[in-house]
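Peer 1: Keeping their order, the protein sequence lines are chains X and W.
For the first sequence, my numbering assigns the number 10 to the initial residue and increments by one for each residue that follows.
For the second sequence, my numbering assigns the number 58 to the initial residue and increments by one for each residue that follows.
Hints were generated in silico from the structure; no laboratory data involved.
No residue lacks a Cβ here, since even glycine has one placed at the ideal position from N, Cα and C.
Just to be clear, a hint being listed does not mean it is correct.
[What the hints assert, rightly or not] Straight line, CA to CA, 30 angstroms or less: simulated BS3-like cross-link-like pairs of lysine-lysine:
#1 Lys128(W) - Lys94(X)
#2 Lys128(W) - Lys78(X)
#3 Lys120(W) - Lys94(X)
#4 Lys120(W) - Lys30(X)
#5 Lys102(W) - Lys155(X)
#6 Lys89(W) - Lys71(X)
#7 Lys155(X) - Lys60(W)
#8 Lys134(W) - Lys94(X)
#9 Lys155(X) - Lys158(W)
#10 Lys76(W) - Lys78(X)
#11 Lys128(W) - Lys30(X)
#12 Lys89(W) - Lys164(X)
#13 Lys60(W) - Lys78(X)
#14 Lys102(W) - Lys71(X)
#15 Lys155(X) - Lys134(W)
#16 Lys164(X) - Lys102(W)
#17 Lys71(X) - Lys60(W)
#18 Lys76(W) - Lys164(X)
#19 Lys80(W) - Lys155(X)
#20 Lys134(W) - Lys30(X)
[As the list claims (entries may be wrong)] Where chain W lies over chain X, by a calculated footprint (3+ residues, C-beta under 8 angstroms):
#21 72-83
#22 89-103
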Amino acid sequence: MKTDFTFDENLITGVCAGDEKTFEELVARYSARIFNLAFGLTGDRSVAEEITQDVFFTVWQKARQLRNKEAFRTWIYRITLNLSKEHFRRQYRRKGLIDRMKPQMDRQDNTIVEETGVKERLNAAIANLSAYQRQAFLLKYQEELKISEIARIMKCREGTVKTHIFRAVHSLRRHLENEKM
Amino acid sequence: MRKCRFEKQLVDYFFGELKPERKSIVEEHLRKCEGCRGWIDAAYKISSMYSKIDLDEPNLRSKILNGIPLKQRCFRKRLLSYSLMTGIAFAAICGIGLFQKTTDIVTHFRLYRDLEVISCLDRIGPLVGQNAEAPND
């Protein structure tokens, strides 16, 4: 989907004014993207759904605080990353496991798209990436954002984003070689 | 793979974000560096293998829109409980402070009163002594 920033700006202005119809339009425009990103980050459908709901709740509540309306896309992705992190933090606190930053790759949820072979193993490899590498990888490969946008979302330098992506591809390559795909 | 100074430029090159004037330099490097060539090949391979996770979630929109009033109620409830807790904590701190201040004032007052009594006694003392000596004269 090509992003029309002016359209986004108009939508967010409407949301700031408390217009529910505009908000519905905003949800229609971004919900699938946010859900897919949250699913990519967490690997759990129900958690992704909850995160998506929380993201839009935050948007509805805090839209007025967004000073630069043009940066809406960056803002909504950042909220998604923060809420995903918060989910892992809560999970870590609850279960006390060290390596909970990895998504639950057992993926016992049968409703998930049935992937077999290569794709499944690639997703497993993505789940094994570090949290930052996975974020940078998904934002680039899935959301097709520019490096500069990813840097703003992840609040780091562009060079750091590039390093994360480089290392992510490198470790995926190693993983695929080990799997002899 | 050993660290190569071109790795950040490779990312830009692969995603088409490299400045045109740098493109030929990276391509020249790729001819020489096997490691970087391997990285580019892997990036292409992953790109072809990776299909965007595009889950079909038919009720997502309605779930979000219906969930918001509920979340709003929960949020208000949480906000209310936080405000209440903050209020209680503030009242407790004020209460303790007030109690300490009152105790200080009372102690001060008692001390002042005792000093007054002592000074009175000091003043009265010689007079009492004179009066006591008077009958002997």
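Peer 1: Each of the hints needs a verdict: does it hold here or not?
Peer 2: Hints, one by one, checked against the model:
| no. | hint | in the structure |
| --- | --- | --- |
| 1 | Lys128(W) - Lys94(X) | 20 angstroms, holds |
| 2 | Lys128(W) - Lys78(X) | 24 angstroms, holds |
| 3 | Lys120(W) - Lys94(X) | 22 angstroms, holds |
| 4 | Lys120(W) - Lys30(X) | 16 angstroms, holds |
| 5 | Lys102(W) - Lys155(X) | 20 angstroms, holds |
| 6 | Lys89(W) - Lys71(X) | 52 angstroms, violated |
| 7 | Lys155(X) - Lys60(W) | 24 angstroms, holds |
| 8 | Lys134(W) - Lys94(X) | 24 angstroms, holds |
| 9 | Lys155(X) - Lys158(W) | 62 angstroms, violated |
| 10 | Lys76(W) - Lys78(X) | 28 angstroms, holds |
| 11 | Lys128(W) - Lys30(X) | 19 angstroms, holds |
| 12 | Lys89(W) - Lys164(X) | 35 angstroms, violated |
| 13 | Lys60(W) - Lys78(X) | 40 angstroms, violated |
| 14 | Lys102(W) - Lys71(X) | 41 angstroms, violated |
| 15 | Lys155(X) - Lys134(W) | 40 angstroms, violated |
| 16 | Lys164(X) - Lys102(W) | 29 angstroms, holds |
| 17 | Lys71(X) - Lys60(W) | 43 angstroms, violated |
| 18 | Lys76(W) - Lys164(X) | 23 angstroms, holds |
| 19 | Lys80(W) - Lys155(X) | 18 angstroms, holds |
| 20 | Lys134(W) - Lys30(X) | 26 angstroms, holds |
| 21 | 72-83 | violated (count 0) |
| 22 | 89-103 | violated (count 0) |
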